[in-house]
Amino acid sequence: MTISKDDAALALSEIDAAGGRLREVTAYAQAAPFLVIWGLVWMACDLTDQFAPAFGYRYGWTLGVVLGTLASTAVGVSMGRKKAQSANAGSWRYFASWLAIAGFIVSLFLVIPVTSGREVHSVFGLLFGFIYIVMGIWTGWRLVALGAALIALTLIGFYEIGHWYPLFMGLVSGGALLLGGLWLRRI
Amino acid sequence: MGPDEIIHQSLRLKIMATLNALPRGDQLEFPKLKAILKATDGNLGAHITTLETAGYVGVEKDFADRKPRTRVSITPAGRRAFEGHVAYLRDLIDGGATEG
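Residue numbers (the numbering used here), protein chains in the order written: chain P, 23 to 209; chain V, 77 to 176.
A hint or two may mislead.
[Unchecked claim] Straight-line alpha carbon distances no greater than 16 Å define the calculated EDC-like cross-link-like pairs of lysine to aspartate or glutamate that follow:
id, chain 1, residue 1, chain 2, residue 2
1, V, Lys114, P, Glu46
2, V, Lys108, P, Glu46
3, V, Lys137, V, Glu105
4, P, Lys27, V, Glu105
Since the hints were made in silico from the structure, they are not lab data.
Use the sequences and the hints to build the structure in full.
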């Protein structure tokens, strides 16, 4: 069997690429259920804002975020158990991550003046879009594409859609997350 | 230490590299491995059989949700052989091993 230095270099690069592809697919599989959960929360809360605004604006998002956080924590704990890691160590990190993001958003609105629910809503869309882009830079292009789509749709909704803004955001942005999660699961 | 002729074939090398990157004891389902390697069913199956015959990978077949499921994992012997082959390749590039 003859292996030249060029063959050896090529083989090593193939090994690196295979490991990288596995990490990418694993990251997609881990991100998918969270995207599905938050896509559903987003869609449900926005549809409530559009069609039952009195309830939606007062309680809808609080309820949605609490349910989403609990569901995300449950999925995180389940993933931790599957990996045979310490379930407790996994759970507090997932829960703490969501708390940190929620804390950042609340702090942001304490220092930046907000004049409408539309602005608050759009900040959420932009923030999560950029979070997905950063995650995608480290894992794979599909998350970058999802984040960019979310940001673009949020800006289109903010500037171009009038009365039907919550419906647009629910169906299009919430739907983008939901379909994105299902898309990542297929890989 | 010389090259491992079974592992060095391009698709088998990628199969071993992918399985070696899994955490110890983890298995990968056949369709996921196929998607990662962008291989066809027949080609991937044939090379997995070759690696299984050599004792480098383990194949487990069962049913999940009433559907047949095939999972593949690297064996301790496979991990040792893969690491030895990678060490040989690195040594070759660094000039320690002879092209053979």
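Tested hints:
1. V/Lys114 - P/Glu46: At roughly 14 Å apart (the allowed maximum being 16 Å), P/Glu46 and V/Lys114 satisfy the hint.
2. V/Lys108 - P/Glu46: Satisfied, since the Cα-Cα distance of roughly 12 Å is no more than 16 Å.
3. V/Lys137 - V/Glu105: holds, 10 Å
4. P/Lys27 - V/Glu105: It is violated: about 34 Å lies between the C-alpha atoms, which goes past 16 Å.
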